[in-house]
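There are 2 protein chains.
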Amino acid sequence: METAANAEVRRAVRARREEFLATLFRLLRQPSISTQGVGVRECADLLKTVFDEHGFPARLLPTAGYPVVYAERRVAHDATTVLIYGHYDVQPPEPLDAWRSPPFEPTIRDGRIYARGAGDNKGQFLAHLLAVALLEALGRPPRLSLKFLIEGEEENSSPNLPAFVEAHGALLAADLLFAADGPMHLANRPIVFFGLRGTLKMEVEAVGPNRDLHSGNFGGPVPNPIWMLVDLLGTMRSADGRVAVDGFYERVVPPTAYERAVMERIPFDERAVKADLGLREFAGPAGLSYFEKLMFQPTLNITGIGGGYTAKGAKSVIPSRAVAKLETRLVSAQEPSEIFDKIARHVHRHAPYVGIRNLGGTRPSKTSPELAVSRIITQAVADAYGVEPVVMPVLGASGPNYLFTDVLRMPAVWVTYGPHDENNHAPNENMTIEAFLDGICASALVLERLAAAPRVALASFAP
Amino acid sequence: METAANAEVRRAVRARREEFLATLFRLLRQPSISTQGVGVRECADLLKTVFDEHGFPARLLPTAGYPVVYAERRVAHDATTVLIYGHYDVQPPEPLDAWRSPPFEPTIRDGRIYARGAGDNKGQFLAHLLAVALLEALGRPPRLSLKFLIEGEEENSSPNLPAFVEAHGALLAADLLFAADGPMHLANRPIVFFGLRGTLKMEVEAVGPNRDLHSGNFGGPVPNPIWMLVDLLGTMRSADGRVAVDGFYERVVPPTAYERAVMERIPFDERAVKADLGLREFAGPAGLSYFEKLMFQPTLNITGIGGGYTAKGAKSVIPSRAVAKLETRLVSAQEPSEIFDKIARHVHRHAPYVGIRNLGGTRPSKTSPELAVSRIITQAVADAYGVEPVVMPVLGASGPNYLFTDVLRMPAVWVTYGPHDENNHAPNENMTIEAFLDGICASALVLERLAAAPRVALASFAP
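Residue numbers (the working numbering), protein chains in the order written: chain V, 1330 to 1792; chain G, 1330 to 1792.
Think of the hints as simulated: they come from the structure by calculation, not from any bench. Values in this document were obtained by computation on a predicted structure and should not be read as measured data. Hints may contain errors.
Heads up, the list lumps identical chains together, so a pair's fine if it works in one copy or across two of them.
Derived DSBU-like pairs (lysine-lysine); straight-line CA-CA distance at most 30 Å [unchecked claim]:
1) K1476 x K1377
2) K1671 x K1641
3) K1377 x K1641
Model the full structure from these sequences, guided by the hints.
Listed below in structure tokens is the structure:
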């Protein structure tokens, strides 16, 4: 429903387009690869400056890792308090040669901004800040207390955010959590989602001979660590595509009737999705729908494997070591630490010369899409985009959402501002200029609607 | 048995040590990585110069790939003709960061020459040339016709040598083939060997989605090419360590009683071998000895595997592609092309989205250790080193030996001049200075003994 107020915001966003793009580009030019330790602290400093310049004096709050950028504006005590979450760190850009333009030199082609972090998450959390600044400039600041928590370790599974949240419970107290991350639905309809799968990342390393050996002079009697990995990994999945680790599914709960109904309303054009991904078949346990596998089923994914020689030609070698990176996505009440213990036991039982290391994880979490706050935000997004958003009880991806729902005990509602093909976590990550500007409009409307709702109405439905 | 003649050679080798090392270093400084196409032609030119300078005017004979360096000296028609084989190409040096000094800057540490190609094969074939030049300088040239065939594609499975040999049958005709390659036995006793396993190199590539995908947003329903490879490779070996490809063992013949007897005389200190390699257990089919697995059994080795992200930290990705390099070692009458067909059929049956490519191979081959020429060379090596050589009916490694035994139809006898820990095909490849000089002495004695034997005695035992 387009109102005069909406239209004013929309015009103002377009008028300040160059300024807003320039601000985003400043952030994108600064690498901030948390898993590689590249540029993260510099990015925190830069982000503080950007907050300061937009009238939100920010602080860098230390953690055991990279600092949290925190900024707030408090209004009357009875006003609703919104905690806004985002992350300024990015995924590694590798493989570099697959990028059409350098990952940290934002480049516009065909209306798209190509850069690592364009969508995930710099171009999305920034929309909230620019929205508030814009509303203030228009003389209609929303009557909300706002708290920004922008962390620098999300792409590394937020190892220090739990301790940070435990230590700053009062500072972070709020009526709800609002955040934007992830790509839109294939048809470029925004997604409002209410939960995330958990994740657990691991590394397994197989050890063979103490040095690389000539595979002719030693091949046969000498064990090969790549075979060890292959044999081990082969024991970890059944032929039916399910994870074959004892107790892995113990805490997995199937979707409720309500969740299933919402799930079945999610539009899904199987042929279009397959064409977009270049696939002839989907994978995963038989008999489950695409979205059930994505939202309500855990996975065991091999995110990387390496050993021996894979460049041009061939090399006759038995390598000394081989490594694989594993990752599970977790659902329902699966606990990363418990799942790690089960997988580590499996590895020790099946592969005496393979070591396993826990690279960190986050718990799965959910908020009910039936809460008042859930409905207000869903409606605001519908009005901002002029189209019904796709409502997803759970998104396939992961994040530290459980800290808000389970530790700080507030409902948490997420929106996706990125284009469906933003290529987050992949080469040529991008954000369309339109999607970036639309995100600012959407944030403005969400915040205005939350300001307009009586706080008691929100609170009465809190989980 | 040290004679005055031997002693003279030994003194002369030591006297010319610096000159001989300088010649070897010239060859080692020139990269010649045939599988990567780096420096190979330059190395052929350089080698021609080295032959020319030593009184053997050489020719570069073209092939469809890199040229053969050919040099000969013919004496009387009734003299024995020895064909000497070697290769001037080398393995890729990767992984570079595992080298203590750069692979193409030969460096002496603790009496060892560290460089790619030091042992395999520049420091070994060069010994023959230097031996002949030395004997000539001492005024006692062996009464032999000598033909040097030094190729540039051995490390790439000699793809063009078969056609070359077919085309140059008359040029290459000889009474026997003599060559030096490979490491000595663990106790630094030279090995005289009479056969080689065959080899077949392959690449398999699994194709998943058409681009790298976020493993959260797509994990579950979208197939992962690394899992495809793991699943496929898991079908290719049985739990007992045997290759599980239909018909793979069809032409494999167990060792004869004689071969078994020779095999059982090979010294083997299981504890020392395990300690040297840092292994607690050996691999391979149960119930077979170390040497039976190495000499009389085929293998299926994974020489490399790669896909996704394996650097520091973790990346949440479903990669678009994953690749593995496979290699079999072949024995008895196994044919590379027939084995490739069997493996390709297996791949097509088990993995619809995995492609397989043949990267070339060589047939297995053997000469009887009971021939007169076999016994003469074995005895010459024993006398040169003052220790019984280890006699091996077959070496685990591979080479184009079948071209000499099966195509040109001559007995082929091989010696190893490299130290047992030469690290051929691995980082920090090396040759001890002593082993290099000893090789020159051994070549001199072998050639003198062959010159002294009546040609008819050699020929009468030809296979």
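Hints, verified against the model:
no.: 1; hint: K1476 x K1377; result: within (14 Å within a copy, 76 Å between copies)
no.: 2; hint: K1671 x K1641; result: between (39 Å within a copy, 24 Å between copies)
no.: 3; hint: K1377 x K1641; result: between (46 Å within a copy, 28 Å between copies)
Violated hints: none; the structure is consistent with every hint.
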